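Visitor: Sequence:
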Amino acid sequence: MKHFYVAIRFRTKNFILFIKKHFQILREVRSNEEFIRSAYFEVYLILRYLFPFLFVVYIPFAVLDWADFLKNSGYFPLLIYNSIFIPGCFLFTALLNFPILKSENSRRWITVTGTLFLTSAGTAMNLLIFQFGADISLFAFTQLGIAVLLRYPDKTKKVIYFTNYAVFFAAMFWLGKNSSFLIQNFFFTMVMTVLLDLISFLTKVNSFHKEQSIRDLNRKLVMESIKKSEILRIAIHDLKSPVTGILSLVGLYTREPSHISPSNRISSSYADPPEILDHIDRTSRKILESIEDVLYLASSGDAETIENQTQKLNPELLLRSVACNLNFLFSSKNIKVEDRLSEQNFYFEANPQILYRVFDNLLSNAAKFSPENSKISLRSELISELHEKILIIKIEDSGPGFQPEDEKDMFREFSILSAKPTGSESSSGIGLALAKKLLDRMGIRIRLGNSETLGGAQVILEFPQSKAK
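Heads up, the sequence shown is in the numbering used here, so the first residue is 1 and it goes up one at a time.
Quick caveat, the hints were computed from the structure, so don't treat them as lab data. Keep in mind it's a predicted model, so treat the numbers as computed, not measured. Accuracy of the hints is not assured; some may be wrong.
Below, computed lysine to aspartate or glutamate pairings styled on EDC-like, alpha-carbon distance capped at 16 Å [what the hints assert, rightly or not]: (1) K375 with D339; (2) K312 with E349; (3) K436 with E462; (4) K389 with E349; (5) K204 with E34.
Put together the whole structure using the sequences plus the hints.
Guide: Next up, the structure:
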């Protein structure tokens, strides 16, 4: 028994705290302009759908009322009601769905007026029926439905349905229906209406509070992401300077003759200094390439980086220039570059530095995954497709190509595919993701596959004429 009382006390305390919390939230949001706008807009949307529905659904009932009037003239008040209610529903359907006044204030007044018309029509209908039989259930249903459905953020709705209650209560006495039973039911319905109105409104408040918390959290996450990206970018920039300094020092040492005579060198088991320096040079260049890739990847989401400083260029000539600059890379593995570019008179508006970077990336990948004494093919053609000319550039290598399991990860950042570099090169999984992002920004389509002629990977770039100048 003791545990039962403890459980009851604990649950009661939690319930009171729960109610206090929600009323605190209620006090906070009542002065929140964004909440008031969203609440009025919600009611506005409900009425936009409700009035057309009432207009269509009520027409058959109006026809039945007209038929009853032809048999019995006592139905004349219903005809008057129909002649007001149906045009009113049509008018508010037009005002809410085809608004002439589009300001927020005018929309709010139309919403309040529509609610007043709806509740008044419900009360009038109930009074017409009430004189035929002492029952307030229909009136109660109408008021309770309004309390749950139309969740106004202020006292507007309470004023509207309290006015309707006053009118109905006065009609009860005027029609002589003021029995104690009906009066009890009337006040019980009024209390339930107020209670349901408050509960319905609290659900709206709670929902808004949760949505606002989620929005605030999202904003914080976005700001944190921006801050971390900026820190990463600064750190990478700071890394570039010492790596570049290492390369410069290595370059000075390898270019100038050594002033240290062999007799003065301390014998050791390490390799000769030129070999060590060569290794440092290669490692530093790899680090610098990775830094450049990450920097480009971080800035590729910025449209201004792509769109600014664009100029008219020939993609084939730029690709050929990149291939010439990478000749030292190809010659180190004795790779032959087969230049079968068609030299079309095709010009494209793009950022030359960024497109150069993409070509450099794709050609370096082709060399990285090709074996020694192999071939890389560069081909192009101009085709017509859907009344538009498209320049197609294909880069094919003699490597292992792509496997079926690579398809889902081809353009994913930091993903390592099945193919492995054939030399001592490293693979970070950034290159293709970087190329895809940059090309998408420039309106160039990239497709990956396998070469039928060389057996390795095939990269297809499509330059649409709509982007050409």
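Visitor: It remains to establish, for every hint, whether it holds in the given structure.
Guide: Hints, verified against the model:
1. At most 16 Å may separate the alpha-carbon atoms for a hinted pair to count; K375 and D339 meet this at roughly 11 Å.
2. With a C-alpha separation of about 5 Å, the suggested pairing of K312 with E349 holds against the 16 Å cut-off.
3. Between K436 and E462 the alpha-carbon distance is near 12 Å, which keeps this suggested pair within the 16 Å criterion.
4. A threshold of 16 Å between alpha carbons decides the hint, and for K389 with E349 the separation of about 15 Å falls inside it, so the pair holds.
5. The straight-line distance between the Cα atoms of K204 and E34 is roughly 13 Å, inside the 16 Å bound, and the hint therefore holds.
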